[in-house]
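Going down the list, the protein sequences come from chains B and H. At position 303 of the first sequence (counting the first as 1) the number is 303 in the working numbering, and the numbers step up by one without a gap. At position 209 of the second sequence (counting the first as 1) the number is 209 in the working numbering, and the numbers step up by one without a gap.
Simulated from the structure, these hints should not be mistaken for laboratory data. Careful: at least some of the hints might be erroneous.
Subject to a maximum C-alpha distance of 25 Å in a straight line, what follows is the list of computed BS3-like cross-link-like pairs (lysine-lysine) [stated by the list, open to error]: (1) B:235 <-> B:214; (2) H:329 <-> H:259; (3) H:285 <-> H:303; (4) H:214 <-> H:329; (5) H:329 <-> H:303; (6) H:315 <-> H:285; (7) H:301 <-> B:177; (8) H:129 <-> H:329; (9) H:312 <-> B:177; (10) H:125 <-> H:329; (11) H:285 <-> H:306; (12) H:364 <-> B:177; (13) H:354 <-> H:259; (14) H:329 <-> B:177; (15) H:303 <-> B:177; (16) B:177 <-> H:306; (17) H:48 <-> H:214; (18) H:214 <-> H:204.
Just a few of them, taken from the derived set where beta-carbon distance is under 8 Å, the chain B residues facing chain H [stated by the list, open to error]: (19) 53; (20) 181; (21) 308.
Positions of the beta carbon are idealized from the N, C-alpha and C atoms, including for glycine.
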Amino acid sequence: MSISKRHTIIILVLLLLLPIIALVHLFAGQINIDGSDYLSSIFSYDSTDSYQIIAREIRIPRMIMAIIAGAGLSIAGLLMQTLFNNPLAGPYVLGINSGASLFVAFSIMTGIPFFTSTLGITANALIGAFVFGMIILFFSRFLRSQVSLLLVGLMLGSFTGALVSLTQTISEADELKVFTLWALGSLQKVEFGQILPIFSVFFTGIILVAFTSKSLNILVLGEENARLLGVNIKKARLFIIILTALFTGLITAFCGPIAFIGLAVPNLVRMIFKTQSHLTLLISCALTGAIFILLCDICIQLIEPHFMIPINVFTSIVGAPFVVFIILKKLR
Amino acid sequence: MNSLLYLAVQLKKCMKYVLLLLPTILFLSCNASKTDSPEKTENIEDVKIEYAQHFNLSLKDNAYFLEILDPISGKVESSHTIAPNEKHQAISLSATVVGMYAILNQQKQLKGVSSMDYVYDAKVKSLFKLGNIKEFGDETTNSIEKIISSDANTILYSGFGDEFPNQKKLEALHFTILPIYDWKEIHPLGKAEWIKVIGALTGKMDEAIAFFDKVVKEYNELLQLTESIDNRPTCLSGNLIGDIWYTPASESYVAHLMKDAGANYRYAETNGQVTLQFSIEQILKDNENTEFWINPGYNSKSKIDKFNPHIKHLKCYNNIFCYSPNMSKFWEQSAAEPHHVLSDLIHIFHPEIKGINTLYYYEKIN
Chain B
1 MSISKRHTII ILVLLLLLPI IALVHLFAGQ INIDGSDYLS SIFSYDSTDS YQIIAREIRI
61 PRMIMAIIAG AGLSIAGLLM QTLFNNPLAG PYVLGINSGA SLFVAFSIMT GIPFFTSTLG
121 ITANALIGAF VFGMIILFFS RFLRSQVSLL LVGLMLGSFT GALVSLTQTI SEADELKVFT
181 LWALGSLQKV EFGQILPIFS VFFTGIILVA FTSKSLNILV LGEENARLLG VNIKKARLFI
241 IILTALFTGL ITAFCGPIAF IGLAVPNLVR MIFKTQSHLT LLISCALTGA IFILLCDICI
301 QLIEPHFMIP INVFTSIVGA PFVVFIILKK LR
Chain H
1 MNSLLYLAVQ LKKCMKYVLL LLPTILFLSC NASKTDSPEK TENIEDVKIE YAQHFNLSLK
61 DNAYFLEILD PISGKVESSH TIAPNEKHQA ISLSATVVGM YAILNQQKQL KGVSSMDYVY
121 DAKVKSLFKL GNIKEFGDET TNSIEKIISS DANTILYSGF GDEFPNQKKL EALHFTILPI
181 YDWKEIHPLG KAEWIKVIGA LTGKMDEAIA FFDKVVKEYN ELLQLTESID NRPTCLSGNL
241 IGDIWYTPAS ESYVAHLMKD AGANYRYAET NGQVTLQFSI EQILKDNENT EFWINPGYNS
301 KSKIDKFNPH IKHLKCYNNI FCYSPNMSKF WEQSAAEPHH VLSDLIHIFH PEIKGINTLY
361 YYEKIN
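Let's have the full structure, built from the sequences with the hints guiding it.
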């Protein structure tokens, strides 16, 4: 399925907007960092200059991480919505984020140093997201109604929330602190040196997703039709869950849980594009998600002199009313 | 008289059943622990309070009259008469209060603590093993039934502005409930002076005054060592929680200690007592030349790096000092013994000053 002219124009506009907003994001903080600081921080880095440190170690990784988180979570949301044929599905709503959080909580509370390392947290977030993806996939086979699946997701979220709380009550103060701080979520914990490995994993995911767009297009027609058209349903499902877990786990490990992006952005994109072409939807979701989270983070930085809001709180404030709007629209 | 006492003890043991009658009790009873201020014409003698801002203490006919003051308005929040020979068996949910009982060697008057995880004193630990001291949880998790069925008649808690949970019900059952606002005191010696309240409750006022006077003397002697110092190194405090760096304001207890120890607190120019909040960017910009960092909340660089990976670019990253190697010791003792904290900080900021050779609470993080 080729991309229509109208869609191409919108995608080009988004492609143009993304670097502009990313640049605005770079200059939005409280401290005035000018262009020369950015250039110096990359080409002739002076580790004693606080402006260069802020530019290289905070602003640039924060901007790149915002793009990765926005794009990754939006794509994960789109994958879930197509897989379950449900516009209200998403990694947060269906409990995939909760799975990542639960596994991270368990690993941190063990107090074993490896599990509290970045690698340990990332591995556990990925495994948790995958396991909970498989659980929701298992339940989906027995549920016919879209609402039932959301209820199961909600219950999974509540169940893991209760398990996390229980784990917190019996854990040592130090481990409790580690988990609480991780769960607060942040775009600015990533260091310059971590950007390349994170981006490599993300980029691999993007390439793999591009290959699934055809299967996703056929899945929309229903499982029976998809099977008749030669799609191996079991493999396709597993592959989609693995990709969703990859994006959700990676982002949750480095930024903590970020709500509503995966639910709100794919729906917004569907409303604008009105298409079932998953290549179009995937590209647009990635671009819109990245722009959306960059805008959220710019707002956070503008409000920062007065009070500070975690990214997870801000995306919920913006995302939740939008989801209510979608539900009301569907009911009409 | 003995039979009356026996009757009182038996009644107390049955108090949990009284819960059933609480509505009636609440309606009929008057508040037993709280009292009105003595008439001005009465012959009362004030207990000298030099530094503490949040309580008043006076003495009349061997009974202490204690007024707890609201830390914000300064108005009297509650008043309590502590009769002579009245046994106050206390549940202390504040670690600093446990430390004050230990200093006065009155651990036997303690019947409970919030959690043994935060206790340092060996005698309190052994009384816990014997079953004489129990754990009651913090202000949000304790059980009213467990409190009523205990041997305690006094509850000492940190008072975060709200009443103690079920306060009216407990007061109706003759519990004395005292918020301890030592943590709101700005002057380190003001914090320490709360030992006089514990002295009044335990009947050891003379010992409490003697201890406090000794602390004041030692604190002021240390202060003289830094008063004339011109070279004051810049110091930072606090750490990131999420994306926000919380650090004490200039009129806080920690800022006061840093100033007394001959350091220049980086945010000394700010106003007020409310904790300051900064972004990591602001901290990096403001502290390019800051030499020391105290109280980071962690006791290892690996933990600091994990939650604050950008801070390693600052000069003070090589001079981090924390009290956390023995957190419960610090929380239990430091409020009543601020001279040890001051001595540590002087040694950290001015190792050239002779006479202080070791650190009591603090440790350098390597």
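Each hint, compared with the structure:
{"no.": "1", "hint": "B:235 <-> B:214", "result": "holds, 14 Å"}
{"no.": "2", "hint": "H:329 <-> H:259", "result": "holds, 23 Å"}
{"no.": "3", "hint": "H:285 <-> H:303", "result": "holds, 22 Å"}
{"no.": "4", "hint": "H:214 <-> H:329", "result": "holds, 20 Å"}
{"no.": "5", "hint": "H:329 <-> H:303", "result": "holds, 21 Å"}
{"no.": "6", "hint": "H:315 <-> H:285", "result": "holds, 12 Å"}
{"no.": "7", "hint": "H:301 <-> B:177", "result": "holds, 15 Å"}
{"no.": "8", "hint": "H:129 <-> H:329", "result": "holds, 19 Å"}
{"no.": "9", "hint": "H:312 <-> B:177", "result": "holds, 21 Å"}
{"no.": "10", "hint": "H:125 <-> H:329", "result": "holds, 13 Å"}
{"no.": "11", "hint": "H:285 <-> H:306", "result": "holds, 21 Å"}
{"no.": "12", "hint": "H:364 <-> B:177", "result": "holds, 21 Å"}
{"no.": "13", "hint": "H:354 <-> H:259", "result": "holds, 19 Å"}
{"no.": "14", "hint": "H:329 <-> B:177", "result": "holds, 20 Å"}
{"no.": "15", "hint": "H:303 <-> B:177", "result": "holds, 11 Å"}
{"no.": "16", "hint": "B:177 <-> H:306", "result": "holds, 12 Å"}
{"no.": "17", "hint": "H:48 <-> H:214", "result": "holds, 15 Å"}
{"no.": "18", "hint": "H:214 <-> H:204", "result": "holds, 16 Å"}
{"no.": "19", "hint": "53", "result": "holds, 5 Å"}
{"no.": "20", "hint": "181", "result": "holds, 5 Å"}
{"no.": "21", "hint": "308", "result": "holds, 5 Å"}
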